[in-house]
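K.L.:
Start from the sequences and build out the full structure, keeping to the hints where you can.
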Amino acid sequence: MKPDDTYYNDLISRYYFGEASPEEIRELELWVKADPSHEELFSGYAKTWKALAGDRIEAHTDLDREWDRLKARISTLPETREARTSVTSLLVFRPVLRVAAAILLLLIPAWFLFRYMSHPADKVLTAGREMVECTLPDGSSVTLDAGSTLTFPTHFTGAFRKVSLRGQAWFEVVHDRSHPFLLSAGNTRIRVVGTTFSVNAIPGKSTQEVVLATGMVSVFYSDDPAHGAYMQPGDRAGISTRNPAIRVTKNDDVNFLAWKTRHILFDATSLEEATSLLTRVYHVPVTLASAELKSYRITATFEGQTLESVLNVLAATLDLRITGTAAGYELSGMAPRP
Amino acid sequence: MDHLDEKGLEGLFRTHYTGLCRFAIGFVKDEEAAREIVQEAFVNLWEKRHTIDPARPVRTYLSTSVRNRCLNYLRDTRKFSAGLLEIEDLPAGALVHQPDRVAEKELHQRITSAIGSLPDKCREVFLLSREQNLRYSEIAERLQISVKTVETQMTKALQHLRRHLSDYLPLMLLPAVLSWLPLFSSPCCPANFSSLPQGMIHFMCTITGILS
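Note that the protein sequences, when read in sequence, are chains A and B.
Residue 185 in the working numbering sits at position 185 of the first sequence, with consecutive numbering throughout.
Just so we're on the same page, the working numbering is the position in the second sequence counted from 1, plus 1000.
Derived by calculation from the structure, the hints in this document are not laboratory data.
Backbone N, C-alpha and C define an ideal beta-carbon position, used for all residues, glycine too.
Hints are not guaranteed to be accurate.
[Stated by the list, open to error] List of simulated lysine to any residue pairs, SDA-like, C-alpha gap at most 20 Å:
(1) Lys71/A <-> Glu1036/B
(2) Lys1007/B <-> Leu77/A
(3) Lys33/A <-> Asn9/A
(4) Lys47/A <-> Glu1036/B
(5) Lys1156/B <-> Thr6/A
(6) Lys1148/B <-> His175/A
(7) Lys1048/B <-> Arg73/A
(8) Lys47/A <-> Glu1031/B
(9) Lys47/A <-> Leu1012/B
(10) Lys1048/B <-> Ile74/A
(11) Lys71/A <-> Leu1012/B
(12) Lys1156/B <-> Ser43/A
(13) Lys71/A <-> Asn1044/B
(14) Lys1156/B <-> Tyr45/A
[As the list claims (entries may be wrong)] Anything over 12 Å on all C-beta distances counts as not near chain A; from chain B, calculated:
(15) Pro1057
(16) Arg1142
(17) Leu1143
P.N.:
The structure is reproduced here in structure tokens:
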């Protein structure tokens, strides 16, 4: 927890001095629960703060003044009978109330219309067959995988930078503590201060996946503060569409960003896994002609190559034949020599 | 049975006000909010003076009322965190007796001297928060510095005070509590208490049910 030391010490002191926002309190709770050493640090501060606050109250309480304040308050309290007369006096103004209600009825839809018209339009960006890189209004950059959609405002207003995603993307978020970045993707909610991470939230899949490269993020299931997790660099969080418990593990998939980088590493990888990865990375179906090919193993590294050149390497190494199909490619074993 | 009159209210107020404020600030982390909550609890006690059972200890009523108001305040400001409050290990009720005066005075001296040993800039910022109850942004404006600098100094002050008070604190924090009250268990506080034993919840419901 070395790089985050200052950040979390600041967060703890913000909490005790009453400066922490609701979102920061949630984040602190996740962090405190993430590790016994965090809890120990937090409860050490609790003792100090309690002593300071108690001492401050003892030293600054002017009982005479506080009692006068209370006396003034209770002297103005209406008796129960008086409360009832004030209700009847309201009824005297009934015609006036009716007019007021009519005006309100006219004004409310007008106000909503005004709000709707003046609201900054959302931009919807969809990557077609190729991935797309874009820059958000705050300078953060996003790489959107083919077929994925990102929705964001033309300019960020309010306390948060809110964006939403369908599909897969890589985010490099510009650091801005006073305007946290909130990403919503399916059931996944991610709260970020400034960081790099990838999200895979393809509609229809039963799990969404977040992999954190640098910085720190809090991940939540829907808008449920009780189901959140704190991620450290190198972590992978799996968010199921139905089960609110979030699983955080070390990310052991070296190819998690291959769709963006086209850097692919096969290390005794089965041909079944390899073809499924290639299908996901290049968005072109690569199939196997027979089940026995699934268990073939391949070790190779590719750096930004086209699908065709990757397939040529696989074919040459494993002695396979490549056939073009309607949508993509099929690999088959060489026919036995006559 | 005699119900509460103004003289009686004043007696209760003078005995319990400070202890209840200490109790409240533990939850809400804001001195003004804590004082306001305790005032409201006394106003409420006065309004209900004809219906409250005089045989029941009023301090239990006050303590419960303050605690529920604090939890409602945290819920309404979206600052309720059961997990953090649990670790903070707040007392279950407000103090009955004035705690040991000598120890109290000694702690006060320790705190004063620990604050005195803060670096100048740090002490200036910290005292504006402590003595004048200013927010970070107000301190920044007053001293013409950035909010970030205020935050850094406040964190530094808290770390410094923690180091200087740490050997002394465990002795100080053995308060006599006036009543046993479970922390999160009454109908008017935020939801999500499933982990509590049922017995406690029933106990609290009975108390608040009678009084409200």
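K.L.:
All hints, please: hold or fail.
P.N.:
Here's how the hints hold up against the structure:
1. Lys71/A <-> Glu1036/B: Between Lys71/A and Glu1036/B the Cα gap is close to 14 Å, so the pair holds against 20 Å.
2. Lys1007/B <-> Leu77/A: Within the cut-off at roughly 17 Å; holds.
3. Lys33/A <-> Asn9/A: holds, 15 Å
4. Lys47/A <-> Glu1036/B: violated, 24 Å
5. Lys1156/B <-> Thr6/A: holds, 10 Å
6. Lys1148/B <-> His175/A: Between Lys1148/B and His175/A the Cα gap is close to 14 Å, so the pair holds against 20 Å.
7. Lys1048/B <-> Arg73/A: Holds, because 15 Å separates the two Cα atoms, which is no more than 20 Å.
8. Lys47/A <-> Glu1031/B: It holds: about 17 Å lies between the C-alpha atoms, which stays within 20 Å.
9. Lys47/A <-> Leu1012/B: violated, 28 Å
10. Lys1048/B <-> Ile74/A: holds, 12 Å
11. Lys71/A <-> Leu1012/B: Measuring from Cα to Cα gives roughly 13 Å; hence the hint holds.
12. Lys1156/B <-> Ser43/A: Measuring from Cα to Cα gives roughly 17 Å; hence the hint holds.
13. Lys71/A <-> Asn1044/B: Given pair Lys71/A, Asn1044/B holds - Cα atoms ~13 Å apart, limit 20 Å.
14. Lys1156/B <-> Tyr45/A: holds, 12 Å
15. Pro1057: Per Cβ check, Pro1057/B is outside 12 Å of chain A; nearest 20 Å; holds.
16. Arg1142: About 16 Å separates Arg1142/B from the closest Cβ of chain A, which puts it past 12 Å; holds.
17. Leu1143: holds, 16 Å
Of the hints listed earlier, those the structure fails to meet are numbers 4, 9, in rising order.
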